[in-house]
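This is what each chain is made of:
Protein chains: 2
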Amino acid sequence: MSQSLNPDDRYLGLVTDLYELTMAAGYHVYGMADERATFELWVRRLPSCRNYLVAAGLEQAIHYLQHLSFAPEQIAYLREHPTFQHVPNDWFVRLAHFRFECDVWAIPEGTVVFAEEPLLRVSGPLMQAQIVETYLITTLTIQTLIASKAARAVTAAQGRPVFDFGSRRAHGPQAGLLAARAAYIAGCAGTSNTEAGRLLSIPTLGTQAHSWIMAFSDEQEAFRKFGQVFPDHSTLLIDTYDTIQGVRHAVASEAAMQAVRLDSGDLEQLSKEVRAFLDSAGRQDVKIVASGDLNEYKIRDLLARGAPIDLFGVGTELVTSRDEPSLNVVYKLVEQETPQGTFGRFKLSSGKKTYPYPKQVYRRQDASGTFCGDRIVKATSPEQGEPLLAPVLRQGTLVAALPSLEESRHRCTEQLSRLPKELLDLEPCPPYPVQVSEELEAELCRADFPK
Amino acid sequence: MSQSLNPDDRYLGLVTDLYELTMAAGYHVYGMADERATFELWVRRLPSCRNYLVAAGLEQAIHYLQHLSFAPEQIAYLREHPTFQHVPNDWFVRLAHFRFECDVWAIPEGTVVFAEEPLLRVSGPLMQAQIVETYLITTLTIQTLIASKAARAVTAAQGRPVFDFGSRRAHGPQAGLLAARAAYIAGCAGTSNTEAGRLLSIPTLGTQAHSWIMAFSDEQEAFRKFGQVFPDHSTLLIDTYDTIQGVRHAVASEAAMQAVRLDSGDLEQLSKEVRAFLDSAGRQDVKIVASGDLNEYKIRDLLARGAPIDLFGVGTELVTSRDEPSLNVVYKLVEQETPQGTFGRFKLSSGKKTYPYPKQVYRRQDASGTFCGDRIVKATSPEQGEPLLAPVLRQGTLVAALPSLEESRHRCTEQLSRLPKELLDLEPCPPYPVQVSEELEAELCRADFPK
Numbered sequence: 049m050s051q052s053l054n055p056d057d058r059y060l061g062l063v064t065d066l067y068e069l070t071m072a073a074g075y076h077v078y079g080m081a082d083e084r085a086t087f088e089l090w091v092r093r094l095p096s097c098r099n100y101l102v103a104a105g106l107e108q109a110i111h112y113l114q115h116l117s118f119a120p121e122q123i124a125y126l127r128e129h130p131t132f133q134h135v136p137n138d139w140f141v142r143l144a145h146f147r148f149e150c151d152v153w154a155i156p157e158g159t160v161v162f163a164e165e166p167l168l169r170v171s172g173p174l175m176q177a178q179i180v181e182t183y184l185i186t187t188l189t190i191q192t193l194i195a196s197k198a199a200r201a202v203t204a205a206q207g208r209p210v211f212d213f214g215s216r217r218a219h220g221p222q223a224g225l226l227a228a229r230a231a232y233i234a235g236c237a238g239t240s241n242t243e244a245g246r247l248l249s250i251p252t253l254g255t256q257a258h259s260w261i262m263a264f265s266d267e268q269e270a271f272r273k274f275g276q277v278f279p280d281h282s283t284l285l286i287d288t289y290d291t292i293q294g295v296r297h298a299v300a301s302e303a304a305m306q307a308v309r310l311d312s313g314d315l316e317q318l319s320k321e322v323r324a325f326l327d328s329a330g331r332q333d334v335k336i337v338a339s340g341d342l343n344e345y346k347i348r349d350l351l352a353r354g355a356p357i358d359l360f361g362v363g364t365e366l367v368t369s370r371d372e373p374s375l376n377v378v379y380k381l382v383e384q385e386t387p388q389g390t391f392g393r394f395k396l397s398s399g400k401k402t403y404p405y406p407k408q409v410y411r412r413q414d415a416s417g418t419f420c421g422d423r424i425v426k427a428t429s430p431e432q433g434e435p436l437l438a439p440v441l442r443q444g445t446l447v448a449a450l451p452s453l454e455e456s457r458h459r460c461t462e463q464l465s466r467l468p469k470e471l472l473d474l475e476p477c478p479p480y481p482v483q484v485s486e487e488l489e490a491e492l493c494r495a496d497f498p499k
Numbered sequence: 049m050s051q052s053l054n055p056d057d058r059y060l061g062l063v064t065d066l067y068e069l070t071m072a073a074g075y076h077v078y079g080m081a082d083e084r085a086t087f088e089l090w091v092r093r094l095p096s097c098r099n100y101l102v103a104a105g106l107e108q109a110i111h112y113l114q115h116l117s118f119a120p121e122q123i124a125y126l127r128e129h130p131t132f133q134h135v136p137n138d139w140f141v142r143l144a145h146f147r148f149e150c151d152v153w154a155i156p157e158g159t160v161v162f163a164e165e166p167l168l169r170v171s172g173p174l175m176q177a178q179i180v181e182t183y184l185i186t187t188l189t190i191q192t193l194i195a196s197k198a199a200r201a202v203t204a205a206q207g208r209p210v211f212d213f214g215s216r217r218a219h220g221p222q223a224g225l226l227a228a229r230a231a232y233i234a235g236c237a238g239t240s241n242t243e244a245g246r247l248l249s250i251p252t253l254g255t256q257a258h259s260w261i262m263a264f265s266d267e268q269e270a271f272r273k274f275g276q277v278f279p280d281h282s283t284l285l286i287d288t289y290d291t292i293q294g295v296r297h298a299v300a301s302e303a304a305m306q307a308v309r310l311d312s313g314d315l316e317q318l319s320k321e322v323r324a325f326l327d328s329a330g331r332q333d334v335k336i337v338a339s340g341d342l343n344e345y346k347i348r349d350l351l352a353r354g355a356p357i358d359l360f361g362v363g364t365e366l367v368t369s370r371d372e373p374s375l376n377v378v379y380k381l382v383e384q385e386t387p388q389g390t391f392g393r394f395k396l397s398s399g400k401k402t403y404p405y406p407k408q409v410y411r412r413q414d415a416s417g418t419f420c421g422d423r424i425v426k427a428t429s430p431e432q433g434e435p436l437l438a439p440v441l442r443q444g445t446l447v448a449a450l451p452s453l454e455e456s457r458h459r460c461t462e463q464l465s466r467l468p469k470e471l472l473d474l475e476p477c478p479p480y481p482v483q484v485s486e487e488l489e490a491e492l493c494r495a496d497f498p499k
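Note that the protein sequences, when read in sequence, are chains Y and B. The first sequence runs 49 to 499 under our numbering. The second sequence runs 49 to 499 under our numbering.
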């Protein structure tokens, strides 16, 4: 019996690292499972090739929290697992009734964020807040990673549409869907992923593959026949054999066409030659689509050299965030209410220290509305500026409907427009100012070092 | 209503690039949908940091092909899609009855493979064989990518167990499951992903997070209490505050423990100091687990410098294949039966040429059983050596049960043991000899260049 390994809402409970469950069992055994705790999730460091990040993935994270349960087969698996042989029966019974009841605050999708800023804060029973660590990290990381990469390509294209063409290069079918969503939030015009289009109402774009051209003995015939079936949506792929011959064939075929697509070779030179040929043939109406291992740098350079490209399809580099395919996202205990009182929690591991207590981020703007600095402060110490974290779940229930995808996309556009201009440059720039409050710094210094 | 974006077996039809569907509609319109065609899937080039790849993901690819259908909501979506407005009704009806009926040949999972070698060959009705391109590429790429990376870490560890600890860094929850599977095929000892353990019977390993340590006011108490619940499976994380103090606490706590875990700092120096302390305390039985941004190079270097580490947990670098997070996998039409005859198909795009006709790969070995070269030949021209592609589906039905995961893992171990030794080195070496037959080269040269 083959397995799809597609995560299923009925089986979310074990889609987590085993240690979340050992800890959960331990908290239960020691009567700590219902102690109120707060965890925060943040990116520890910005990749050197990113001046900012775009928060994304919150909807999928919330979906997970609201559907999280342990199926009978999953509980049976844990009961048989060697590690859990000494765990009392009532813990397994507890899992069977698990429902996520924590409070969640988060920074809305589409918000520009920086290192150290909590993207999400979970407060509630310690066991519940612990178990969700792995899934929350992975689901927020992938979309934040892709949205952050996509925003750069969109910026580089200077208003020309950028489409996600990367589903085949994503890390599995689900990653393709998640990448399509994240890229759209960050300003991409749409995706080639049809199911993403259906589920998310994202515009979808398709041309044809080389196999279409190869399936006809004659390139002109391939073009003409495609145009007949899709008279209003024909982008003809002209590089199967020879790009310049291809565009001649496209025009000569008298195919219905709105655009031609270049997918290989020197895109600058070819786009200029193709444009010149199209114009000379009276086809100023035909646009040029370019694809083929593009990224934000290549888009910038092509446009700087005057390549007459109207639309960019970006694949591998976008959906794998190829220059930095991971973010150092952590989820850490920051506060805990115990019978002895409420304590800030932190760690001092080499290169990995964390600040205690629930936090809020305030973003300030100058007179022109440009963002001029963030401050990370204790949530109980409000400051001037826009607070970025807002309540999302109260005891596991939505406080209000989540923003629509279009709203998150709009928010991203607006956020990017208010960033200091140098941050939008593709090259590294001096970091955007993010301060940790003096109060939080003092907490670390005077904290009792556990014995 | 939030969405999980988890792919679901009932909705696989649209998890593909839109252009697969435009082409499918076009083939239908022109009566070509049932023309028999053959497509092949291969890696165009090896990444410069890989001397070989490990094929993986076939089971999930086959699962997809056997479950592929178009749900009514998906067909309704296409009917409304602007691109498909001129497509006749009978195409949509056809989709409603879609069932994958092609023949599939493939190289078994766990096999070492190289650039240009077809991993999969699909032969059947043109429309069917076309539609599956996107999903086949993504599902075979992610597991081949991760298995190829994992094999390097396993080699570097020289027999010490390597565990996949990377679920949180994978590109979404599904990618974590797929990575756990692929890493296991490549020789990893197991995973931290609990659901992967349940679904695939992979050994799972968990220690505890820093939050467990932080949840107690005293590190010794945290250790002792963990050991009480998991007396036979306690790996204690000792770097929350100070690693050397941590190991002292671990021993002093008299906690049940089988291992300690280092997750930060100078792992060579710390592992030596921790080993020395454990030995001096009479705890020669306690093993040392290391994690924290490890990869194959760091594992090699740690062991070369005598770091007494018994088990490695590898996360980010493994599950994102961080040094090369993508493979240039293509799926191309290579042969087509038309009313005019059967033709080899190929393309000549700049830097992207392909060879026509269905192919087979023959692997030769020397007297000692070491692989000494592969030849890619026309499938109709058998040669000496072991043929790597074997039939998997006949008209959509399994020819035989797929290998078990353990069998694929065993195959990988055996394959790696027969590679020329220099290929197992982590540094680039001269390429393993892969020849394209003279017959295939001649086909390209004498092929009619389409007009």
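Please note: incorrect hints may appear among the correct ones.
Heads up, the list lumps identical chains together, so a pair's fine if it works in one copy or across two of them.
Said to hold, decoys possible - Each computed BS3-like pair below joins lysine-lysine, with the alpha-carbon atoms no more than 30 Å apart:
| id | residue 1 | residue 2 |
| --- | --- | --- |
| 1 | Lys-426 | Lys-335 |
| 2 | Lys-426 | Lys-400 |
| 3 | Lys-273 | Lys-469 |
| 4 | Lys-401 | Lys-273 |
| 5 | Lys-400 | Lys-273 |
| 6 | Lys-401 | Lys-335 |
These are calculated hints, taken from the structure and not from any lab test. Owing to the predicted nature of the structure, the values given are computational and were not obtained by experimental measurement.
Each hint tested on the structure:
1. Lys-426 x Lys-335: neither (53 Å within a copy, 40 Å between copies)
2. Lys-426 x Lys-400: within (19 Å within a copy, 56 Å between copies)
3. Lys-273 x Lys-469: neither (47 Å within a copy, 53 Å between copies)
4. Lys-401 x Lys-273: Between. Shortest inter-copy distance 24 Å satisfies the 30 Å Cα cut-off; intra-copy 63 Å does not.
5. Lys-400 x Lys-273: between (60 Å within a copy, 25 Å between copies)
6. Lys-401 x Lys-335: between (53 Å within a copy, 26 Å between copies)
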